[in-house]
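Here is how the chains run, residue by residue.
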Amino acid sequence: MNPVLHVSNLSIAFDIKGRSTTVVDEVGLYINAGETLALVGESGCGKSVTALALMGLIESPGRVNGGSVKLQDQELINLPESALQDIRGKSIGMIFQEPMVALNPLFTVGDQIGEVLLRHTSLSRDAVQRKCLELLDQVGIPDPARRINQYPHEMSGGMKQRVMIAMAIACEPMLLIADEPTTALDVTVQAQILGLIDQLQKDMNIAVLLITHNLGIVAQHADRVTVMYAGRIAESASVHDLFADPHHPYTQGLLKSIPRNGETGARLYSIDGAVPSPDQFPAGCRFSNRCPLVLEQCRESVPTMTQRQTSHYAACWQD
Amino acid sequence: MRKPMSTANPTLLHVQNLRKYFPVRSGLMQRASAWVKAVDDVSFEVRRGETLGLVGESGCGKTTLARLLLRLVDSDSGQIEFGGDDITQKKSGELQSFRRRMQIIFQDPYSSLNPRLSVERILGEAMRVHGKATRNNVTEKVCTLLETVGLDASHRYRFPNEFSGGQRQRIGVARALALEPELIVCDEAVSALDVSIQAQIINLLTDLKQQLNLSYIFISHDLNVVRYLADRVAVMYLGEIVETASTPALFRSPMHPYTQALIETNPTPDPTVAAPDHVISGGVPSPANPPSGCRFHTRCPQAMPKCREIAPELRNRSDDAGQVACHLYV
Numbered sequence: 001m002n003p004v005l006h007v008s009n010l011s012i013a014f015d016i017k018g019r020s021t022t023v024v025d026e027v028g029l030y031i032n033a034g035e036t037l038a039l040v041g042e043s044g045c046g047k048s049v050t051a052l053a054l055m056g057l058i059e060s061p062g063r064v065n066g067g068s069v070k071l072q073d074q075e076l077i078n079l080p081e082s083a084l085q086d087i088r089g090k091s092i093g094m095i096f097q098e099p100m101v102a103l104n105p106l107f108t109v110g111d112q113i114g115e116v117l118l119r120h121t122s123l124s125r126d127a128v129q130r131k132c133l134e135l136l137d138q139v140g141i142p143d144p145a146r147r148i149n150q151y152p153h154e155m156s157g158g159m160k161q162r163v164m165i166a167m168a169i170a171c172e173p174m175l176l177i178a179d180e181p182t183t184a185l186d187v188t189v190q191a192q193i194l195g196l197i198d199q200l201q202k203d204m205n206i207a208v209l210l211i212t213h214n215l216g217i218v219a220q221h222a223d224r225v226t227v228m229y230a231g232r233i234a235e236s237a238s239v240h241d242l243f244a245d246p247h248h249p250y251t252q253g254l255l256k257s258i259p260r261n262g263e264t265g266a267r268l269y270s271i272d273g274a275v276p277s278p279d280q281f282p283a284g285c286r287f288s289n290r291c292p293l294v295l296e297q298c299r300e301s302v303p304t305m306t307q308r309q310t311s312h313y314a315a316c317w318q319d
Numbered sequence: 001m002r003k004p005m006s007t008a009n010p011t012l013l014h015v016q017n018l019r020k021y022f023p024v025r026s027g028l029m030q031r032a033s034a035w036v037k038a039v040d041d042v043s044f045e046v047r048r049g050e051t052l053g054l055v056g057e058s059g060c061g062k063t064t065l066a067r068l069l070l071r072l073v074d075s076d077s078g079q080i081e082f083g084g085d086d087i088t089q090k091k092s093g094e095l096q097s098f099r100r101r102m103q104i105i106f107q108d109p110y111s112s113l114n115p116r117l118s119v120e121r122i123l124g125e126a127m128r129v130h131g132k133a134t135r136n137n138v139t140e141k142v143c144t145l146l147e148t149v150g151l152d153a154s155h156r157y158r159f160p161n162e163f164s165g166g167q168r169q170r171i172g173v174a175r176a177l178a179l180e181p182e183l184i185v186c187d188e189a190v191s192a193l194d195v196s197i198q199a200q201i202i203n204l205l206t207d208l209k210q211q212l213n214l215s216y217i218f219i220s221h222d223l224n225v226v227r228y229l230a231d232r233v234a235v236m237y238l239g240e241i242v243e244t245a246s247t248p249a250l251f252r253s254p255m256h257p258y259t260q261a262l263i264e265t266n267p268t269p270d271p272t273v274a275a276p277d278h279v280i281s282g283g284v285p286s287p288a289n290p291p292s293g294c295r296f297h298t299r300c301p302q303a304m305p306k307c308r309e310i311a312p313e314l315r316n317r318s319d320d321a322g323q324v325a326c327h328l329y330v
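Those protein sequence lines, which keep their order, are chains H and D. Its first residue numbered 1, the first sequence is counted upward by one per residue in the working numbering. Its first residue numbered 1, the second sequence is counted upward by one per residue in the working numbering.
Do not take every clue at face value.
[Claimed, not checked] Computed beta-carbon distance windows for the label pairs:
{"id": "1", "chain 1": "D", "residue 1": "PHE98", "chain 2": "H", "residue 2": "ASP15", "range": "49 to 57 Å"}
{"id": "2", "chain 1": "H", "residue 1": "MET1", "chain 2": "D", "residue 2": "ALA34", "range": "54 to 62 Å"}
{"id": "3", "chain 1": "H", "residue 1": "GLN280", "chain 2": "D", "residue 2": "ASP86", "range": "48 to 56 Å"}
{"id": "4", "chain 1": "H", "residue 1": "PRO292", "chain 2": "D", "residue 2": "PRO115", "range": "30 to 38 Å"}
FYI, nobody ran anything at the bench for these hints, they're computed from the structure. Backbone N, C-alpha and C define an ideal beta-carbon position, used for all residues, glycine too.
Based on the sequences and whatever the hints tell you, model everything.
Given below as structure tokens:
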């Protein structure tokens, strides 16, 4: 079975002050139908830029320097804008971090969900209206007949995120990209929204790319995990393998630095230093200047991704 | 590291029936048409050397409570006693000596530092105002302070934009320490930081507490962090404290249905623990129009008829580890 999304050797650079800086470097990942891949990393690691590139949304001064993004068997890199517009919102649904910013304050939620359907389907206006009501109901918004005519400001953050999800799944996409979908929400509402995404994914067999920095969410909602550091993939594995047996020292450090339930006595492990900015990435392995296990060769040559176990890959010179 | 708090430790902060309502103004005359009950009849205490965790969702009044304690906003009624002194009614001149003793670290290390001031001025200004440093020794004191928080003395010439988020938060910690306070309020102090940096700041706060015998009020929505840092936890919902307990007791046996929901929905960083299959519904109601009776009854899976009418009072938990406000336990 071919994966729904297959990204290989994706590189993205930004031209800043006449210098080209590579922020995403040879990134590869895949997601199967019905599977959730979590893309994990700290701010500035390139996870959101990668997501934008999947949808052809990298704009000047950024540019895709190479690589391939295949949605089923269709290559998306270098596709003309008109063709991309047919894909966005139809084959790929998106949910962003801030539902307050992502919705247009001047249109009712019914108009905004309806717009997606009018653009991508041949449904009549009446049918669109009916479908909107159905979608609002499907994402758990009570009293859809009243809500459909409301404006975003009349809704809570959790409701707005449900509206975003309704827009994203309106055309039954193959791939759903959720970029920090619950970071702006309260914990109890966060659990509701993640539960909803899980449910819809199961019902519609969607491939989900879940971008998050919250390892708790990863543990409970992802099937596989890809860890990014400074624009490169550090490690990729099933969620169980990654938490039980992380191979990359960065992944190990991340997992050790979260306070665990019940552990209080011991000092928290912390990774020294901070994530370097893209113009100051060290040569060789980009984690080499913070790595507790650094070898001479790490500072000189870039480690290649090697297989550790079945479907467990890490880019590290250590075995 | 966490020592059982003996009751022998003297009370540092004692808050009684604290209340703050903000008016919602509307209409031509801008009359108050409603009141946001941001903090409603809140009482608690913090002992010397203790860390009190304060948790709750947005709009529950955590930040307003922090501002009330620091006298950055004035309360409508109630009493704040700090080190035995009633500070509720003090005028701004009299507050000067109190302000030195209670400091705050803010959430956002980007907006809480003045971009036009060098680190030396940011840290030195308060010390000079409060007579903790003179023109002659201010540089020396700033250097010591920077080293205490893990920065380099040479960083004092730099401006905030030259630092990373984690480094800025260290400056925020240094600024709070500059006046040698007894209590520091950390308002979501690590929430904006990346995981690897968050651990650095948490360790720093832990070390400083031991070295300087500090007390913290640690406000956060991240239960994993609160569980790690706090000796005792207070849970707020819509302006009220619904439960307080020692940290182990609260997490082992949460009694208020809201506390139970918070703990259950907190994502556990362990894939062998399944995500919760039933989650409380709805969101937090508007604090301008809170539900009658128990404010949680609209979302409570165990609500009874009387919860709609009678507001439950805080009573001792059956294990004596704290207090809970719920009709289930009467």
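Hints versus structure:
{"no.": "1", "hint": "D/PHE98 <-> H/ASP15: 49 to 57 Å", "result": "holds (54 Å)"}
{"no.": "2", "hint": "H/MET1 <-> D/ALA34: 54 to 62 Å", "result": "holds (57 Å)"}
{"no.": "3", "hint": "H/GLN280 <-> D/ASP86: 48 to 56 Å", "result": "holds (53 Å)"}
{"no.": "4", "hint": "H/PRO292 <-> D/PRO115: 30 to 38 Å", "result": "holds (34 Å)"}
Going through the hint list in order, the structure satisfies each hint without exception.
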